[in-house]
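S.K.: Take a look at the letters that make up each chain.
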Amino acid sequence: MASKKRFAVPFIIWIIAGTVIPLASIAYYGFSSRSGGFTFANIMAMFQHDHMQALGLSLLLAVISTVICLILAFPMAMILRESKWGKQGFLIFVIILPMWMNFLLRTMAWQVLLERQGVINAVITAMGLPRQELMNTPGAIVLGMVYDFLPFMILPIYNTVSKIDNHLIEAAYDLGASKAMTYAKVIIPLSVPGIVSGITMVFIPALTTFVISNMLGGGKINLIGNIIEQEFTVNSNWYLGSGLSLVMMVFIIASMLLLQKFDKTGGQNLI
Amino acid sequence: MKKTLGNIYIVIIMLFLYLPILTLIALSFNEAKSMSVWTGFSLRWYEELFGSKLMMSAIANTFSIAILAALIATVVGTMAVLGMAAMKPRHENMLMAFNNIPMLNADIVTGIALMLFFLMIHWPRGYMSILFAHTTFCIPYVILSVKPRLNMNTDRLFEAALDLGASEKYAFRKIVIPELKPGIMTGFLLSFTMSVDDFIITYFTRGAGINTISTLIYSQVKVGIRPSMFALSTIIFLVALVVLIIVNVRQKREDMLLAAGA
Numbered sequence: 004m005a006s007k008k009r010f011a012v013p014f015i016i017w018i019i020a021g022t023v024i025p026l027a028s029i030a031y032y033g034f035s036s037r038s039g040g041f042t043f044a045n046i047m048a049m050f051q052h053d054h055m056q057a058l059g060l061s062l063l064l065a066v067i068s069t070v071i072c073l074i075l076a077f078p079m080a081m082i083l084r085e086s087k088w089g090k091q092g093f094l095i096f097v098i099i100l101p102m103w104m105n106f107l108l109r110t111m112a113w114q115v116l117l118e119r120q121g122v123i124n125a126v127i128t129a130m131g132l133p134r135q136e137l138m139n140t141p142g143a144i145v146l147g148m149v150y151d152f153l154p155f156m157i158l159p160i161y162n163t164v165s166k167i168d169n170h171l172i173e174a175a176y177d178l179g180a181s182k183a184m185t186y187a188k189v190i191i192p193l194s195v196p197g198i199v200s201g202i203t204m205v206f207i208p209a210l211t212t213f214v215i216s217n218m219l220g221g222g223k224i225n226l227i228g229n230i231i232e233q234e235f236t237v238n239s240n241w242y243l244g245s246g247l248s249l250v251m252m253v254f255i256i257a258s259m260l261l262l263q264k265f266d267k268t269g270g271q272n273l274i
Numbered sequence: 017m018k019k020t021l022g023n024i025y026i027v028i029i030m031l032f033l034y035l036p037i038l039t040l041i042a043l044s045f046n047e048a049k050s051m052s053v054w055t056g057f058s059l060r061w062y063e064e065l066f067g068s069k070l071m072m073s074a075i076a077n078t079f080s081i082a083i084l085a086a087l088i089a090t091v092v093g094t095m096a097v098l099g100m101a102a103m104k105p106r107h108e109n110m111l112m113a114f115n116n117i118p119m120l121n122a123d124i125v126t127g128i129a130l131m132l133f134f135l136m137i138h139w140p141r142g143y144m145s146i147l148f149a150h151t152t153f154c155i156p157y158v159i160l161s162v163k164p165r166l167n168m169n170t171d172r173l174f175e176a177a178l179d180l181g182a183s184e185k186y187a188f189r190k191i192v193i194p195e196l197k198p199g200i201m202t203g204f205l206l207s208f209t210m211s212v213d214d215f216i217i218t219y220f221t222r223g224a225g226i227n228t229i230s231t232l233i234y235s236q237v238k239v240g241i242r243p244s245m246f247a248l249s250t251i252i253f254l255v256a257l258v259v260l261i262i263v264n265v266r267q268k269r270e271d272m273l274l275a276a277g278a
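Chains as they are written, first to last, in the numbering used here: chain A, 4 to 274; chain B, 17 to 278.
Next comes chain A alone, as it looks inside the complex (with noise of 0.2 Å):
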């Protein structure tokens, strides 16, 4: 045997302290008072009107531009799949190579763009138009979003559809079947892997940013990470910061079971 199982220590060393002793470090601190007993106000704290207020608008954001996403990268998957350039890779490069920018610098480019002395305002003022208040609405977070994420949403839906087999469409075409019939039966189906693990891509970072809000709101719209964030940072209330986090890694936890039921192969494409 090649392997020794003592290989594996350094790694169970860095699971521990890396993962197991942190996240249960949130759980101590998420059920703890300051005063040190136990408690679960910081979890009960969710339900207080500011905190419910996020909460909603982060899953309202977040559901808005996944599926904006979704309808965005769907037909770009499928025009990647039957294209030339698909196959030489070049559009596939063109898709990663914003990624491999910093995302706060592509968040910051919607800044320029949006902002009152910004380029579209100065588009819109040369056109005889008045000027409009583009940035710190929620209109900015959602286009923020979807700017940065579109490619975790492109890159598994095409991951996917390019490995369907042509014989297959066009099985469903000799048996008659219409070309909407095709998409619903057959395309839709085998991408559905590819779609899973891009919704979870999408979905998790869109509902947990506290950046976008911060950078295209204008610290003016408070998503449930910018709570957690201030409870950090600016409160310095590790307790109710790390209730806070339980609750929403409760929703992270109940999405993936969700999304999960749908996707028979178990995650295999989430890299």
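Hints are computed from structural coordinates only; laboratory data are not their basis. Glycine included, every Cβ here is placed at the ideal spot set by N, Cα and C. It is possible that part of the hints are untrue.
Under 8 Å between C-beta atoms, here's a sample of chain B residues computed to sit facing chain A [unchecked claim]: (1) A96; (2) G99; (3) A122; (4) L130; (5) T152; (6) S230.
Since the structure of chain A is already known, use the hints to place chain B on it.
M.R.: Here is chain B on its own, set in the frame of chain A:
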């Protein structure tokens, strides 16, 4: 007709993906600080970028952390793959489940969890804490890249080498490592990319006096973006472009060689 529609769609998506980046590149050469008025070509923002100690140290931190984290993660991860192969499937599956946690979890939770851990054990937050955190989220990528390369065949070749009189060390170096090499390379590159691109986990695990490119951008966003940031974006974009072209060309050459060999 269908083709034209497809091409139009591609162009729209490309414009959406690239217009913001191209705007930043154009503004990085704009003489004025304005974000909407073009006053003339200038390289002053590049001078400001390279003259800034803060920027230069952030760039150095980003890349040194990325290289070290990727190296450590590659060694620990590759060893883990070899170690897990000798385990009972039940134990292996359990370790793999833990391995997937940092990959599936939201970055903000991973960041907060590590921050609490450092606070609890009184580990001062700075360069080393960022390095530890980055290595933690890089290891899963290495394991997922290397694991598929280790299969029955590797074991058989290893045994064969031993039967033919190779020492264990020699067989390991000549058989196992070359078999795993493509996975190890992928794991290293993925780790490096993830580390360079990370903001959220760095944000929670860094100390007050240390910055990476990401955290520096974030702190500047709050006080107002300087065009030297656009210059930085331009440079990063060009570097990414060149690296990806090189990787693509090499890939194509390999594919052609493979096709010629077959």
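S.K.: For every hint, state whether the structure bears it out.
M.R.: Structure-based check of all given hints:
1. A96: OK, holds: A96/B within 8 Å of chain A, min 3 Å.
2. G99: holds (3 Å)
3. A122: holds (4 Å)
4. L130: At 5 Å from the nearest chain A Cβ, L130/B passes the 8 Å test, so the hint holds.
5. T152: holds (3 Å)
6. S230: For S230/B, the interface hint holds, since the closest Cβ of chain A sits about 5 Å away, which is under 8 Å.
The structure meets every hint from the earlier list without exception.
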